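S.K.: Residue numbers (my numbering), protein chains in the order written: chain P, 3 to 513; chain U, 97 to 256; chain Z, 348 to 470; chain F, 5 to 512.
Calculated from the structure, these hints are not laboratory results.
Do not take every clue at face value.
Restraint ranges, calculated between C-beta atoms of paired labels, are given here [to be verified]: (1) T38/F <-> D463/P: 36 to 42 Å; (2) G399/P <-> N463/Z: 35 to 41 Å; (3) N463/Z <-> F313/F: 53 to 59 Å; (4) S114/P <-> R104/U: 37 to 43 Å; (5) E229/U <-> H460/Z: 23 to 29 Å; (6) S114/P <-> L430/Z: 32 to 38 Å; (7) D463/P <-> V163/U: 50 to 56 Å.
Please read all numbers here as calculations on a predicted model, not as lab measurements.
All C-beta atoms in this analysis are idealised placements derived from N, C-alpha and C, irrespective of residue type, glycine included.
Here are the chains, one letter per residue:
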Amino acid sequence: MIPDQLQHQIPALIVLTPLVLGLITALIGRRGLGWWIAMLASLLVFAGSIQLLIDVMHSGTYTVSYLMGNWPVPYGIEYRIDPLNGGVLCTVALISAAVTLFARRSVASEVSRDRLHFFYAVWLFCQTGLLGITITGDAFNLYVLLEISSLATYTLVAMGKGRDRRALTAAINYLVLGTIGASFILLGIGFLYMVTGTLNMMDMAERLDAIYITWGTAEPQYQKTVLTGFAFLFVGVSLKLALFPLHTWLPNAYTYAPAAVSALLAATATKVGAYISIRFIYTIVGTDAAFRGAIPTHVFIMVSAGMAILLGSYLAIKQDNVKKILAYSSIAQIGYIALGFALDNKNGLTAAVIHIFNHALTKGGMFMALGVVAYRLGNTRLQDLRGLGRKLPVSMGAFTAGGLGLIGVPLTAGFVSKWYLVTGAIEAGRYEMAAIVLVGSLLAVVYVWRVVETIYFGKRDEGAPNVQEAPITMLVPMLLLIGASIYFGVDANTTSWIAEAAAETLLGVQP
Amino acid sequence: MKDLVVLRVVARWNIPFMVVFGLYVQTHGELGPGGGFQAGVIIAAGFLLYGMIFGAQELRRIIPRWVTDIAAACGVLIYAGVGFWAMGNGYEFLDHAALNPANPGGAEPWGMTLVEYGVGLTVAAVMITIFNEITEGTAPEDEPVNKDYDNPTEMDLPRR
Amino acid sequence: MLDFLHDHYNYWVTIIIMMIGFYAVVAKSNLVKKAIGLGIFQTGIFLFYISIGKVDGGTAPVKVMGEQTDVVYSNPLPHALILTAIVVSVSTLAVALAIIVNIREKFGSIDEHDLNHLEAEQE
Amino acid sequence: MIPPEMAITLALGLPILGALLIAMSRGVPNLRETFTLLTAVATFGFVASLYPAVINGAQPTLDLWQVLPGVKLSFRVEPLGMVYALVATLLWIPNSLYSIGYMRGNNEKHQTRFYVCFPLAIASAVGIAFAENLFTMFVFYETLTLSTFPLVTHKGNTDAVKSGRIYLGILLTTSVCFQLLALLWIVALQHTGGVSGLDFASGGIFREGLAAGAVTPAVFGLLFFLYIYGIGKAALMPVHRWLPAAMVAPTPVSAFLHAVAVVKAGVFCVIKVTVYVFGVETLREYGQGGWLLYAAGATILIASLIAMFQDNLKKRLAYSTISQLSYVVLGVALLTPISIMAATFHIVAHAFGKITLFFAAGSIYTAAHKTQISQLDGIGRRMPWTMGAFTIGTLSMIGVPPVVGFVSKWFLINGVIESGSLPGGHFDEVFALVVILFSTLLNAGYFLPIVYRAFFRTLSDEDLKHPHGEAPWAIVTALTFTATLTLFFFFWNQPAATLAELVRRAVG
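Extracted from the complex, chain P is given alone in its bound form (with noise of 0.2 Å):
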């Protein structure tokens, strides 16, 4: 179907995609251009990520790998695609197409017209970072591409500012905690690369893993070194992730950039940034050293999400913008996802692989649904949506289906998520984990129900203005995310199988 030659290109052609066409957007996207040449971008990409994911997936290694400039692997930049970085990547692509679906509409009533090509350019760049970081194998690569990934997302959250200045304060916030957390990224990596002397991820885990072999004996200051590059990584990934107590920068950064922004944002940013964490901690450093090292990470993971879980639902609880609902119920997702690779074992990676993609597909739609609410609304406060579910009842019944979703009823995709994180808990036995993840979505339906109830059961203020539904072309990629949420929760064996060969090339169990 597809020649070979241009089959072999794609991981090299879905990060240069959205590069090459965001610079043409930057140059010829005025007069409307760019959501085109976005949407063509994201679109060839998805194609691209998905035809990717099945070559994996029957590959018989479970990898397909990519030689920049055709260096040999420890010298060039290799671009290696394993299930977990697949799965991720579709993830992102699809998002990113379903986003930029949405934003046409969305977008051109938030940033003032002469400033879209530029949106539009940035737009790509953002995905082009998230992309990279996926698919690459080079952790140098990884952190450049984050940094291209970062200061995109800086910028448009900062274009939140036509319609609330917050977005500014919320933008300059994140930067300033972004780069720290980059920094820290690259100082982690310097550390390690300067006890291996390579840079390539599968390299650098082979050299560590004969490195560990004379720990204790010969050369104890390795380990040192080993576990400060894999702190120093540790913090500034998790910065990037959001993970409680390094999330401060997130609520605000949700809430107010524009709301093609915040959906994107949720469903893709710091599931790639709980992408790195996965790689570093099993497949570079491993989990003998950063869980059984000096210092027992797994523990402060797992006492950080159950944190984020248990504060992240109840501050969701207590605000009254519906985006910042969702954002702190993001800071609470998170934590399921950290919890899931700090269980070690099979049944939680699957969970924490699974729910990137789970978790990304309800809160993309939710987010949309929302957008829809500030696109005929013009914000998003609670006690503005009263009434609404008579007024916009497509986008509100998506809202409410995708708030099954963050709950975990059966039958959506969040509950299959939350099946493997629980039997994963209790396998490694941490009942409480268990509980507290049970409680969370106990949490959830508190939050959830108080946004369904105004919208369902709430009265129209008098002479509140007369809305009707938001255009197809925001309502059709919302009914998609939500709809695939619904359905990867009645049927999750593709998502499952992609996500339990991750857990096994992870953990080294030969499928």
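Once you've looked at the hints, dock chains U, Z and F against the given chain P.
M.R.: Frame of chain P; chains U, Z and F shown alone:
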């Protein structure tokens, strides 16, 4: 600042040398120390010096914003173009052997040179763009860019 | 003890510079100063990278012409990496400044205390 | 004859299809209500068509699809599930008729939403009844909660919303925190060989695991505890609060969902997990029934005492339901084949009686707009059909002979006598007997005064100024039908008795 004759004269003398030195670093870059990034910064520094002395408006007159926009994008496109050329010919992205299949080793400097020119162009253009972004609308064009430190504005005062 | 300090002086310098930058980020309320602090913070890391590329007795990694075969070169890779990191750092600074300029336009201040105050009023 | 797989598919799918048709025919009430009735009759027909196969010992199965690797959405029709499915779908027919009369008589709003949610709840109930494994049961358990939520909050006012919160809060909390936890624990045990699988199996799934030491008796007991309280719909105290709260719903909802579908789903699940997951023998062997006996006994007595002091008719019925449900749980706790049979039979008996009582309450509300017991003086003369039916229902609740309630109590007492080796010895049996007998007195104590008021007191002056007759014909027909069933079933309870007997064999 353009009324300060010393600055003006020194700048006028320096700027051509800076640009030429930038070009030297650029052309020398593929095998020795140097390359597109350094060259781009040096060349841009020449223009920025001009902008600082004669005002941002003046800089934008000689290099309009659309020029830097296009230059920045073109630079990256040159870079990517070299890569795509290799891809189109069945090589990996940026495999310079594609430029001269008969002698892959010999093609390396050619590829690097092309790529470095792209980098240089982009870096220079982006540096100027950043300067433009920051100065635009903040400093009225007829006032000097520097502050009057004897009469600090509210912004300059130290905070409690 | 002195040996320990001396042998690892590059780390000490790195740490000191990073902490100076970090202090500015945390303690200064002026956003431009915060941005400068970030720059200093990152510079510390750049120095760290460059220092780990140094090989004892190595020369600059430029190919020595002639017959010599026992030349020890310093590792050029960290320099190349840091070049990229500097670009990133400059871009970050540029984005930060652009946002700060916008903040100044919209809020009329770039002081964090003022901004918090203004935001609380808007609530 | 319809192939069994097809019948199961239709029994599940038809209500959903019906809901779609009802939703599409909004604005045309007659068409909408025709669809409702047709769906009800047809669904019952398909469920009933499975009956011959089941009593002949067959257990038709249907695998829908695999949701997760190793976790299937699948169905198996066994006698216990058949009992529940038959009761639920049979009573849906009079209830639909009744709903039409009630909703029209009271000019309720959002009638389409009401008629759409009803069949969805029925589909969930059938799903629970036929579930082949714990996962399927949990899924439909939750969909039942969610599909009934709009029914409970139907009025949409502050009261309804508040009650809706309690309803959803308690049912979700228990099911997520306890039932889901236990379910996932069992899944985790499955990986280590602690249980033989998620499918319901005769004698339970823990036998080998316990024998091999892969599960400790403590974990086994804990899981049983989690399951019993995780099934909040069984309204075992202290997780019963949702039931009185849900009485804010329109009466057809209370009648059907809170006398039949939802609460019976709860006790049905309790019986099902006891018999097919934990295993009666296994539970007895490891001495896990004792606490449940006391919990159920306490619930019966406390709920009856509370019911005595309720003036609101529906509230009194609600507390009576809580107490009656615990008879079923008590039957389970006795852990003998005959007591399980009694529990199964009581699901049927109580459903017929209680739905009649609720119908009567709604009938009084529709015709006389009265909700309090103290207002009912002399109403029996104005509404003889309603109050006659009410009396029959009352007798069934108390367990007086010519009514079906007597039969289940009879079996229950038999069960107590048969269970010679309860963990705590004789004291437990004496306690169970005392509870049954004393609660019978209490039942009489809070029901008979209503009957007395209705028939033997005279109308107040205030009432004489507001003359009214019987409720609309649809309501009267429905409640007469169920009252007749309650009476009739005492003499001819062949289907239920046969199925209950099959359940008894599965246990023993």
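S.K.: None of the hints should be skipped; say for each whether it holds.
M.R.: Against the structure, the hints come out as follows:
1. Here the CB-CB span from T38/F to D463/P is close to 39 Å, well matched to the stated 36 to 42 Å.
2. Distance hint check for G399/P and N463/Z: the Cβ-Cβ separation is about 39 Å, which falls inside the suggested range of 35 to 41 Å.
3. Between N463/Z and F313/F, the C-beta spacing of about 56 Å keeps the proposed range 53 to 59 Å intact.
4. The hinted range of 37 to 43 Å is satisfied by S114/P and R104/U, whose Cβ atoms lie roughly 39 Å apart.
5. Roughly 27 Å separates the CB atoms of E229/U and H460/Z, a value that falls within the hinted 23 to 29 Å.
6. Range check, S114/P to L430/Z: about 36 Å between beta-carbon atoms, so the 32 to 38 Å window is met.
7. For the hinted restraint 50 to 56 Å between D463/P and V163/U, the CB-CB distance of approximately 53 Å keeps it satisfied.
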